[in-house]
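Residues per chain are reported as follows:
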Amino acid sequence: MAAPPLWRSKSTRAFMFQSVFLAALVAAVLGATLTARSNLAAQGLTSGFAFLWKNTGWEMNFTLLKVAPTDPYWWFLLMGFCNTLFMGLISLAGASGIGLLVGLMRSGRNPAARLLGTIYIELFRNLPLILQLFFWYALANALPNPRQAIAFGGALISSRGIYLPGLNVSQGAVALTAAILLAGAGLAVWIAATRRPQGLDPVRRRRLVLIAPGIAILAGVLALAASHDPALPWLTLPATTGLKIEGGVRIQPEFYCLAFAITTYGGAYIGEIVRGGFKAVGRGQTEAARALGLSPWQVFSRVRMPLAFRAMLPILINQYVWLIKATTLGIAVGFSDFFMVIASSITHSGQTLEFIAILMGGFLAINFTLAAVLNRLNRAIALKGHQATGTT
Amino acid sequence: MTAIPLARQGRLRRLRKDFFGSTASTMMTLASVAVILALLRWVLNWAVLNATFSASATQAVCAERSGACWAVIAARWRVILFGIYPYEEQWRSALACAVVVVVIVLSCLPRFWSFGRLALTWGFGAAIFYILMRGGVLGLVRVNEQQWGGLPLTLFIFVATGVIGMPLAIVLALMRRSELPVVARVTGWIIDTIRSLPLLSILFTCAIVLPFMLPGFLVGEKLYRVVFGIALFFAAYQAEIIRGGFQGVPRGQEEAAKALGLPYWPRMARIVLPQAFRLALPATINQFVIAFMETSLVVVVGFVELLAAGNTAYHTGEWKFAYIEVYAFVAAIYFAFVFGLSRYGAYLEARMSAGQRKE
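Just so you know, the protein sequences line up as chains A and B, in that order. Sequential numbering from 201 applies to the first sequence in our numbering. Sequential numbering from 775 applies to the second sequence in our numbering.
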């Protein structure tokens, strides 16, 4: 009996099919790249990443460190990337805070608070984020001009931005301090979440967790103080001079509108996640804690909160990744985040393919880092082995 | 003295305990009620009591009262709803919107939940919509895609996302669980990459970068490229939702179908996919809700859909002051669609979990 012919054999067919699939994919990508290169070459552009060291010749309207038109592209990209991270950090923190509050209101027993939470969530969750952003931006632009700025405490509020009293220290020192503080917080989380160094007793570990950010704060304050110019006063207050406001720290409408929009919108989504988390905590767990004589606060902070957090973390990870991506909406109002810097770079330099590659790389890096960190945290707090799931 | 019936007494006591059970609870009640009342009062004052309803009112007339100036809607509603579509032909836009709404409502009825009927409804609806909007046949004047705008454009993007994205999602989901390792792995990479990119960057690539990368005959209209980008993004997310549904289908189902000798396609179409879809239904509707809201992102690449049309409606010297009214109007339209869809999703979820509890 002869073996089945080659084209009838299952493994051959699988091999052939996969080869064709791969070849088609490679051909599509290659074709697109070659077409793009020939099109760009026709415009007199050379491919490659040498342009990264050229001057940009244009300006960014929001930066954490100094940026001038004479700076090279790589510096612009880096600053845009920092803006995206900065915006993400602020709005994620804000959204988590609001989400926790609204979620607790929605899962509590008080009907009045529940109603308020429901109104908030339905209102903010059912309207497109970009619509909310445009609305806040229109509101911010309708504030009085700098000459009629509203004074509030030491701050001045005008259509050009909110001017807060600030410290007379250099921008670099502020950035350095922020980096030190972040490192300190990260170290504390790492010590608390991992089991390393092994064999450390819990009391000393807890002390270590507190010491790490303490040292960071001290170092940050020292860095700020070192950069202070003794000839100037410590505090700078905003004041109206002619048509402009000078002094103080300016928060641009583009920045605070985007941060506010993402915070409130994300807060509504996170609120629902928090509510789901508390719903997943079994009644028996709460009742057992109460039967043990724990106070309401202890029941909440020692039993319900940790259990709910464990239940909501996987969904929360997806939401955080989504919110980070939402910072790209900055381009709609003119906040120079990573995406907007890329878009302007493409229109100014024409190096399309390279910038698209950088854009993809940047967002893949952000997402994978965030997901990796949060997944690590998730593994650290997830239930080990087969335990009761808590739902009755 | 009249005695309160026992049952009511219990309810009263429970209400009192819920609202004023402890000091903290009382404070929360008072604060919440105060906030809700303040909000209500402000909205009522602004939108109704202090508002100017006269359709012919100008800024000077409106400025005398502190509330909303609804004249802006009376004057500009056709711009907001239909954008720059030719004025005499706007009845076609309105009709096209009605067709889409009917299609959405029909596909929400359990009667239409079969692949054939859904595909027919959506395909047919999309065709009517397209003929009405584009014209050029049946004596209708041809209207270029660049002139489409307002609500019909929003609905067009939404429907096209569903019509292109859903089959694409099914294909991607099937490829990801394929037995061929290369296909499964590569599809997984593609899905994960698309999911980790912001939609805006995909839109931007499709609108501005893609023309460089495609041979001339494939470039096509900007609108279609952008719609394809949104559909691809939708498909990547929806494919993962369907994959979640696949995981909920017991293994025995597919094995039994295999044992009966069913080939791949009937096995998928008749056994696995229907069950997976049933499990994935709440998440799918949620994804459609998000897709509806994300249509508004095309503002950034220069399309005049509902939100952008609202922006142009008040960006004239005459109505510059009335932005809140315009945004409230646009928001109400979005809210009607999104809230309706998400309520429907919640209803379905409750219905399905009720069925499971009985078993």
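FYI, nobody ran anything at the bench for these hints, they're computed from the structure. All residues carry an ideal CB built from backbone N, CA and C; glycine is no exception. Incorrect hints may have been included.
[Said to hold, decoys possible] Label pairs and their in silico Cβ distance ranges:
no.: 1; chain 1: B; residue 1: Leu-883; chain 2: A; residue 2: Pro-344; range: 49 to 57 Å
no.: 2; chain 1: A; residue 1: Ile-451; chain 2: B; residue 2: Gln-1027; range: 51 to 59 Å
no.: 3; chain 1: A; residue 1: Gln-498; chain 2: B; residue 2: Arg-788; range: 19 to 27 Å
Hint check results:
{"no.": "1", "hint": "B:Leu-883 with A:Pro-344: 49 to 57 Å", "result": "holds, 53 Å"}
{"no.": "2", "hint": "A:Ile-451 with B:Gln-1027: 51 to 59 Å", "result": "holds, 58 Å"}
{"no.": "3", "hint": "A:Gln-498 with B:Arg-788: 19 to 27 Å", "result": "holds, 25 Å"}
The structure shown violates none of the earlier numbered hints.
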